[in-house]
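Protein chains in written order, with this note's numbering: chain A, 1 to 267; chain B, 1 to 267.
Errors might be hidden in some of the hints.
Put simply, identical chains are the same to the list, so a pair is met inside one copy or across any two.
Claimed, not checked - Lysine-lysine pairs mimicking DSS-like chemistry, simulated, CA-CA at most 25 angstroms apart:
#, residue 1, residue 2
1, LYS93, LYS185
2, LYS125, LYS170
3, LYS208, LYS93
4, LYS202, LYS93
5, LYS154, LYS170
6, LYS125, LYS185
7, LYS208, LYS220
8, LYS154, LYS125
9, LYS154, LYS220
10, LYS198, LYS93
11, LYS170, LYS208
12, LYS220, LYS198
13, LYS170, LYS220
14, LYS93, LYS154
15, LYS220, LYS202
For the record, the hints were derived by calculation from the structure and aren't laboratory data.
There are 2 protein chains.
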Amino acid sequence: MNLFDPRAFSHKGVVYLTSISHLRLATSDDGRHFTVAATPTLVPSEPHETYGIEDPRITFIDGFYYVNYSAISAQMGVVTCLARTRDFASFEKLGIIFAPDNKDVALFPERIDGRYWCFHRPSVKQLGSVAMWIASSDNLLDWGRHRFLIGPRKGLWDSERVGCGAQPIKTPQGWLQLYHASDEKVRYCSGALLLDLKEPWKVLARSKEPILFAEAPYEKEGMMPNVIFHNGLVDRGNGQIDLYYGAADELTCGATMDVQAVLNSLV
Amino acid sequence: MNLFDPRAFSHKGVVYLTSISHLRLATSDDGRHFTVAATPTLVPSEPHETYGIEDPRITFIDGFYYVNYSAISAQMGVVTCLARTRDFASFEKLGIIFAPDNKDVALFPERIDGRYWCFHRPSVKQLGSVAMWIASSDNLLDWGRHRFLIGPRKGLWDSERVGCGAQPIKTPQGWLQLYHASDEKVRYCSGALLLDLKEPWKVLARSKEPILFAEAPYEKEGMMPNVIFHNGLVDRGNGQIDLYYGAADELTCGATMDVQAVLNSLV
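With the hints as extra help, turn the sequences into a complete structure.
If you want it as structure tokens, here you go:
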């Protein structure tokens, strides 16, 4: 939940929401035209989900679509949960995989050195920065071997905070991750990160300029102006990626991305 | 690191330390008279330890003494690390087990339902409280199945923040954990928590009054007045516990505790 969200207001120190976030299925044959389900698909049901669930990332692993999402509650803050489905009709909730405050988790689509991997974005108070970490797991539920991956860079487009986007894409050059970042003006963009294929905690390259940023009027204006935030992608398999992102926290938009062009931009 | 610590000072927004915390072995035949090693025993060596390591908890499991501790750095904030030793002469560092900010971790001395267990104390920003969580693991390195355990209670001695003390003690009535807490006046005390033996995320009882609190002049005055913070205990096996705690962040003190008396206080 964003406390600056007009859906939220506070009275005598208590936060009230005028709506509760949930996840709803949108289906499409071409990735361009979508039908949004008439009713919610995945809804808050647990004590740690009382203020809503949001920002899902989906990774297909071993026959399941794993959906991780942020769950918010007054008691526990912001945690990351995992659920899985085979058909997007019935879901199995697997509980909290990262304790508060932790969000912006994306699972890698395959094992590396026998382990599952993910990005995550823990929270710090006095020291440290809003940074991307990488962790691994034997079972997708217990996570460890935490390593600091990247932090903000002063003076650049990602100077204030960084966090993962959708699942990383495997390329011959390395794992390609489109991550999001904001600067001190709360401008959110996406740029690329290239990680070693076998040792994914090793950063090979990182965008000096953002790749996806607010340009259209509906991106530059609105509830959260100049905020581009992508959570989903579909790898077309022909070197083209369909990216899905939120614009100004109001709309869901699509973009296409040429993988080789992004890799070339990192040289 | 405590930024209010006189060892720390800041200049133009940068924190400087006049000393770096480390762990040093103290040995004793009777638990009362100690010889402190002339040189540091466990010292910062990793990028996440550059500002020091502190607040160790030690649990004996499967032939090893597992030492978990807080590690602090400007880049990463406060993480919890794990090390192990058989002899307190050589240590094996096992890396970060909880990403930032997370401290106040204590391992249970035995498996429950085939899994290892621990308390931990993650950090929240806008929502939630400074609360104790419980997690479990197959291997002591990857942690999951996170559950909220207890939070602060308004109007009581633990109104502001809570975190574990040393390893929990197994009693016929349940797992007995002496936890620390502070109120809004930054008075730190210890009280008891009784957890179900087989389902340790279930709280059976909790102290309404603190059990260990500042009384002596050296506890009520000093660098951090009225701060009692216990990290270590030795179970004598005869119903008596030796507790070791920091007083006013200046001294290390000892106390004895009668297990049955504490259990009776919880009824």
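Going through the hints against the structure:
no., hint, result
1, LYS93 to LYS185, "neither (37 angstroms within a copy, 41 angstroms between copies)"
2, LYS125 to LYS170, "neither (34 angstroms within a copy, 34 angstroms between copies)"
3, LYS208 to LYS93, "neither (38 angstroms within a copy, 36 angstroms between copies)"
4, LYS202 to LYS93, "between (32 angstroms within a copy, 21 angstroms between copies)"
5, LYS154 to LYS170, "neither (29 angstroms within a copy, 50 angstroms between copies)"
6, LYS125 to LYS185, "both (20 angstroms within a copy, 20 angstroms between copies)"
7, LYS208 to LYS220, "within (21 angstroms within a copy, 54 angstroms between copies)"
8, LYS154 to LYS125, "both (19 angstroms within a copy, 23 angstroms between copies)"
9, LYS154 to LYS220, "within (23 angstroms within a copy, 44 angstroms between copies)"
10, LYS198 to LYS93, "between (30 angstroms within a copy, 23 angstroms between copies)"
11, LYS170 to LYS208, "within (21 angstroms within a copy, 55 angstroms between copies)"
12, LYS220 to LYS198, "neither (39 angstroms within a copy, 55 angstroms between copies)"
13, LYS170 to LYS220, "neither (32 angstroms within a copy, 59 angstroms between copies)"
14, LYS93 to LYS154, "neither (39 angstroms within a copy, 32 angstroms between copies)"
15, LYS220 to LYS202, "neither (34 angstroms within a copy, 49 angstroms between copies)"
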